[in-house]
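Colleague: Listed below, chain by chain, are the residues.
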Amino acid sequence: MSWLLKSSIGRKLIMSISGLFLVLFLMFHSLMNFVVILSADAYNTIASLLGANWYALIATGILALGFIVHIIYASILTLQNQKARGSNKYAVSQPQKNVSWASKNMFVLGTIILGFLVLHLIHFWSKMQLVELMHGHNYAAAGYHDPTDGAYFIRELFTQPLYSIIYIVWLVALWYHLTHGFWSAMQTLGWSNQIWLPVYYLLGFGA
Amino acid sequence: MDKNININVKVWRQKGPKAKGNFETYALKEISQGSSFLEMMDILNEQLINEGKDPVVFDHDCREGICGMCSLYINGHPHGPDEDITTCQLHMRKFNDGDTITVEPWRSAGFPVIRDLMVDRTAFDKIIQAGGYVSVNTGGVPDGNAIPIPKYAADEAMDAAACIGCGACVATCKNGSAMLFVSAKVSQLALLPQGQVERIKRAKAMVAKMDELGFGNCTNTGACEQECPKNISISHIARLNREFLKAKIRD
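If you're matching them up, the sequences are chains F and L in order. Counting in our numbering, the first sequence runs from 1 upward without gaps. Counting in our numbering, the second sequence runs from 1001 upward without gaps.
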């Protein structure tokens, strides 16, 4: 299995699989968060179902691993590619038609997403799963709000216009990342040809 | 109508692989727009020789767009601003009176500069030697249509075989990746019955050689496809990925 790490296509396969895994999580996450628009109570039921239960903790661990692998390999690939490109740059270089800006700046977009992700973890994860993990049901004694009351945290945060704007910027960056990421992952899996490619483009945009 | 134009040509000059290069700007007068880009370069060299200077070194051979020798990064595009042609097929009517045309060599770690605008593309030959061939007992000439090949396979293989190995894909790739070239070479043989014997070995060997020579990891930007003078599609890259992964899973 060492070819996974040694060959260029192997390394890209790791990016592709971890990326698709994160896309799956994103779909689950957004579906879950959509519930809060319909009913705050229903949302809190889901939040308490997950919380710091053993299965939620295992899933969080796997998810974190997915992020770490994706980020580490993004860094390795970017460094290798810069080396392959060489230090001599073109004096005149013009962008090509039909080549998206996102496709050439995936690392930049990824870094932006990571920055906001840290903020996102501080806003929600540190107040929910982390509190439950550290203090169990004695959160009140430790001076925290009910960690399963997710709807409360959402209301608290998004009544501040600044954070609403920041989150919209974040989602736009994520969207750009996915417009290239999704079809690119399929391409790397070799699951693409001239018939499927436009479909993937469209799915990428739709997501 | 084609007319004569006066232009400035800003050319990359570099004495040798290790030497530090720099741009020199030369003025050319009364260049016919009906002449080809390389004819303009010939006129420039004639002028330089008459002035007792070293002529500009650049690659060229057939001058009809099929040999893959000519290169040149002209005004920010490999093979110049026109689409789907090689540098030798580029005409001066694509430029206007008073233009300054910037001419650079392919710049990629895989293609070191030999001199001026000439780069070392033997890396491509090494990749081909690693597996871009079929070993068959040729014998007599086979009968026409003795080997049935579906129309779609014949078309795809022919499209892939159009690759002339000029290296424009590597030159334009922000990752210095040779995937479009390698994928075209793997694709054209993987699609045809004659290429089946070495199919599994080929994908692994050519990708391994490509990595060993220091070409980058493809990130599917698609810039290669846009700049390719022969319109090679990146769907061949997907096929190469497929061929490679299937071969590795079989191990």
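To be clear, the hints were calculated from the coordinates, so they are not data collected in a lab. Treat the hints with care, since some could be wrong.
Now the in silico label distances, taken between C-beta atoms and shown as ranges [what the hints assert, rightly or not]:
1) L:I1249 to F:L162: 47 to 53 Å
2) F:L4 to L:G1034: 52 to 58 Å
3) F:T159 to L:D1155: 23 to 29 Å
4) F:A91 to L:G1098: 16 to 22 Å
5) L:D1251 to F:N138: 51 to 57 Å
6) L:Y1133 to F:N98: 45 to 51 Å
7) F:A91 to L:S1032: 36 to 42 Å
8) L:Y1133 to F:I58: 33 to 39 Å
9) F:F67 to L:Y1152: 36 to 42 Å
10) L:Y1133 to F:L4: 50 to 56 Å
11) L:R1063 to F:L5: 41 to 47 Å
12) L:D1251 to F:M27: 31 to 37 Å
If you want the footprint, here are the derived chain F segments under chain L, 3+ residues with CB under 8 Å [said to hold, decoys possible]:
13) 48 to 62
14) 69 to 81
15) 88 to 95
Reference excerpt, derived from the structure (chain L facing chain F, CB under 10 Å, subset only) [said to hold, decoys possible]:
16) I1007
17) K1010
18) A1019
19) P1055
20) V1057
21) H1060
22) G1144
23) G1165
24) S1177
25) Q1226
26) L1240
27) K1248
Backbone N, C-alpha and C define an ideal beta-carbon position, used for all residues, glycine too.
Colleague: Which numbered hints turn out to be false for this structure?
Modeller: Violated hints (numbers, rising): 3, 6, 7, 8, 10, 13, 16, 18, 19, 20, 21, 22, 23; every other hint is consistent with the structure.
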